[in-house]
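Note that the protein sequences, when read in sequence, are chains A and B.
According to this note's numbering, the first sequence holds residues 22 to 397 in order.
According to this note's numbering, the second sequence holds residues 22 to 397 in order.
Worth flagging that the hints you see were computed from the coordinates, not collected in a lab.
One thing to keep in mind: the hints can contain errors.
[Said to hold, decoys possible] Computed list of lysine-lysine pairs in DSS-like fashion (alpha-carbon distance at most 30 Å, straight line):
| id | chain 1 | residue 1 | chain 2 | residue 2 |
| --- | --- | --- | --- | --- |
| 1 | B | K341 | A | K294 |
| 2 | A | K242 | A | K363 |
| 3 | A | K291 | B | K341 |
| 4 | A | K276 | B | K387 |
| 5 | B | K294 | A | K37 |
| 6 | A | K291 | B | K37 |
| 7 | A | K214 | A | K341 |
| 8 | A | K341 | B | K294 |
| 9 | A | K387 | A | K352 |
| 10 | A | K276 | B | K276 |
| 11 | A | K294 | B | K37 |
| 12 | B | K352 | B | K214 |
[Unchecked claim] Simulated restraints, written as ranges between beta carbons of each label pair:
| id | chain 1 | residue 1 | chain 2 | residue 2 | range |
| --- | --- | --- | --- | --- | --- |
| 13 | B | G348 | A | G348 | 40 to 50 Å |
| 14 | A | G195 | B | E114 | 23 to 33 Å |
| 15 | B | H365 | A | E114 | 48 to 58 Å |
| 16 | B | A115 | A | T336 | 48 to 58 Å |
| 17 | B | E250 | A | R193 | 38 to 48 Å |
| 18 | B | M293 | A | P344 | 18 to 28 Å |
| 19 | A | R193 | B | E114 | 34 to 44 Å |
| 20 | B | D302 | A | T295 | 37 to 47 Å |
Glycine included, every Cβ here is placed at the ideal spot set by N, Cα and C.
Protein chains: 2
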Amino acid sequence: MTELPQDNLTMLSLVKEGGELEISLARLPMPQPRDHEVLVRVLATPINPSDLGLLVGAGDVSTARASTRDGLPVITATIPPAGMRAMAGRVGEAMPIGNEGCGTVVKVGASPEAQALLGKTVALLGGAMYAQYRCLPAAMCMELPVGTDPADGASCFVNPLTSLAFTEVMRREGHTAIVHTAAASNLGQMLVKICASDGIPLVNIVRSAEQVALLQGIGAKYVLNSSAETFQDDLTAALIETGATLGFDAIGGGKLASQILGAMEVAAVKRMKTYSRYGSDTHKQVYIYGGLDLGPTTLTRNFGLSWGLSGFLLTPFMAKAGPETVGRMRKRVVDELTTTFKSHYSHKISLTEALNPNVLAAYNAKRTGEKYLICP
Amino acid sequence: MTELPQDNLTMLSLVKEGGELEISLARLPMPQPRDHEVLVRVLATPINPSDLGLLVGAGDVSTARASTRDGLPVITATIPPAGMRAMAGRVGEAMPIGNEGCGTVVKVGASPEAQALLGKTVALLGGAMYAQYRCLPAAMCMELPVGTDPADGASCFVNPLTSLAFTEVMRREGHTAIVHTAAASNLGQMLVKICASDGIPLVNIVRSAEQVALLQGIGAKYVLNSSAETFQDDLTAALIETGATLGFDAIGGGKLASQILGAMEVAAVKRMKTYSRYGSDTHKQVYIYGGLDLGPTTLTRNFGLSWGLSGFLLTPFMAKAGPETVGRMRKRVVDELTTTFKSHYSHKISLTEALNPNVLAAYNAKRTGEKYLICP
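Chain A extracted, bound-state conformation:
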């Protein structure tokens, strides 16, 4: 094992009182693992939309300017007043970033479970992954097979567990098919494979003909282009055919969630024998789990009174689902890491490159088909 450096280069995001966002690299002291902990050299860590929520938040990246401090890059950007209200809780606190990652265990504490991981490739969940090293409890590491490519192990948690969670929610709430938006994403492609293998009808909604081709190429049966003129009719036809009454929406803003609920209602009314002024009594549910469009959500409420729209977040779902379900989900992720749960990265960048304003603007655009991996 090579000698460890004294410092641990770490990315920090700071919201300043005056309405300024500062993203920087800092030399923090190298952490020392306690008995139950391991020190991991981070080899790959993805930039997920949820990471950008913490890294950039309400900052206006079009105002980003680069500088340096102690020879390390710094980005400064303006936060509009409305954004500052939303970020009031984190003013003055330089926060580390990065939900998940993959790396090699280079130093361990005295406990047997920590010792057992020395030299192993592990997947990590727990924040602060945008750093060269991360020290955390052995229990928060998931051991990966020998020879796993760190790029494959970097996204073991957020997308794989979220896409699996969608099917768990479906079963728990008594639905039999799923609608998914922004479906050409890495997560969407995983969901296509899960549903194909589990026999779950999945209606994929994407925003371009290229994305239709992409998903059909991996075997998706229902792929609808929301920018097509026939979209609402196509959606209704797919919902009549599949009977899907559950949707997961990564977009959030605009009318899409409302369109989905409306089409579900048309499909449900078609199955009814008698007219009811209240619409169908079929419960229709859409979960918003992302905010690709941060604008307001508009609901026309032309879908009766048996409907729900809710936020969805993986962590509280897993807490509710319990350790047995979560254990089963995790096992499936490891078993199918290079097949179902294979992530595709369009760009691999260093920590320093991540602090280039042009690169920041590119990954902050969250374009479907573009996914960034940081190799610290």
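On the provided structure of chain A, position chain B as indicated by the hints.
Using the frame of chain A, we list chain B on its own:
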């Protein structure tokens, strides 16, 4: 007992293919009770917003014109094309109206439970109450104490059971306080009394200073005027104080549901110890149970990811709650009919008066403080 007439004057609502709404009075044959049924002379039946959904639906009452047929009044109005799509399921079927009512049992079937009701004053639920007589199973009647004023017995179901259901939902979902909009309504006043007696903190939202005075006059503690400039701050303060994370909204359209969820989130974040980019993990729920504003609902989603917005309807709630709960709720309604559940009617009209276009326009406006009772 007086001789029964041959005909039963009944109000009907018909949507015609060409986009026309026709509301009429018709002489239907007098029904004859079967063994388990009773025939009730309807003495009082309220016009609830849910009745207007069936009576008027998407019809444009500003186009209403009066005529007569066989000496009985007819109203005709235009239905805009968008409205016709929503009403496609009922085209060509003349539908009777009126969810609930109160009357005297004038004729009964052979079964003991039907016989037991002869001459009694009963509250009725089951549609087709806008008529001089209603024949229905004895089991669908709720016997009222001797001497009950039909006006008091007319609204035994919809408003009393809905307001009680709000408190049942609160307990079932683990909330401890309630927010209610359009709170000066008959239903809102019942809820004020229920919550006062049950010790449930209730945040009432109304739209004018007069309504604030009205609710304070019956002992409401938190009454907020949504047209006041300080509304959002007032709401946040009330939610911090009460900890309410459950709302029932009769308005539906506009930003109010979003404002409530946003204020709940500010209150929840105030209780948090550490910052989370996802907002609080306190689940915040608003149910839309009415549509006083039929326009779109706009959600700014500045309330984290732990939230839900759903439709609410009494009937599926009661089916889910089960007979024991519903029985307890009904008993309370009868016990407190002239106190907690006393309805106030601003206008009493006949079936014929209900078919005057000016009167129709007035009750269809659903103004808080104005409530119509039909005495057939």
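Evaluation of the provided hints:
no., hint, result
1, B/K341 - A/K294, "holds (22 Å)"
2, A/K242 - A/K363, "holds (20 Å)"
3, A/K291 - B/K341, "holds (24 Å)"
4, A/K276 - B/K387, "holds (28 Å)"
5, B/K294 - A/K37, "holds (20 Å)"
6, A/K291 - B/K37, "holds (20 Å)"
7, A/K214 - A/K341, "holds (25 Å)"
8, A/K341 - B/K294, "holds (22 Å)"
9, A/K387 - A/K352, "holds (29 Å)"
10, A/K276 - B/K276, "holds (15 Å)"
11, A/K294 - B/K37, "holds (20 Å)"
12, B/K352 - B/K214, "holds (16 Å)"
13, B/G348 - A/G348: 40 to 50 Å, "holds (43 Å)"
14, A/G195 - B/E114: 23 to 33 Å, "holds (32 Å)"
15, B/H365 - A/E114: 48 to 58 Å, "holds (55 Å)"
16, B/A115 - A/T336: 48 to 58 Å, "holds (54 Å)"
17, B/E250 - A/R193: 38 to 48 Å, "holds (44 Å)"
18, B/M293 - A/P344: 18 to 28 Å, "holds (25 Å)"
19, A/R193 - B/E114: 34 to 44 Å, "holds (39 Å)"
20, B/D302 - A/T295: 37 to 47 Å, "holds (42 Å)"
The structure fails none of the hints (numbered hints given earlier).
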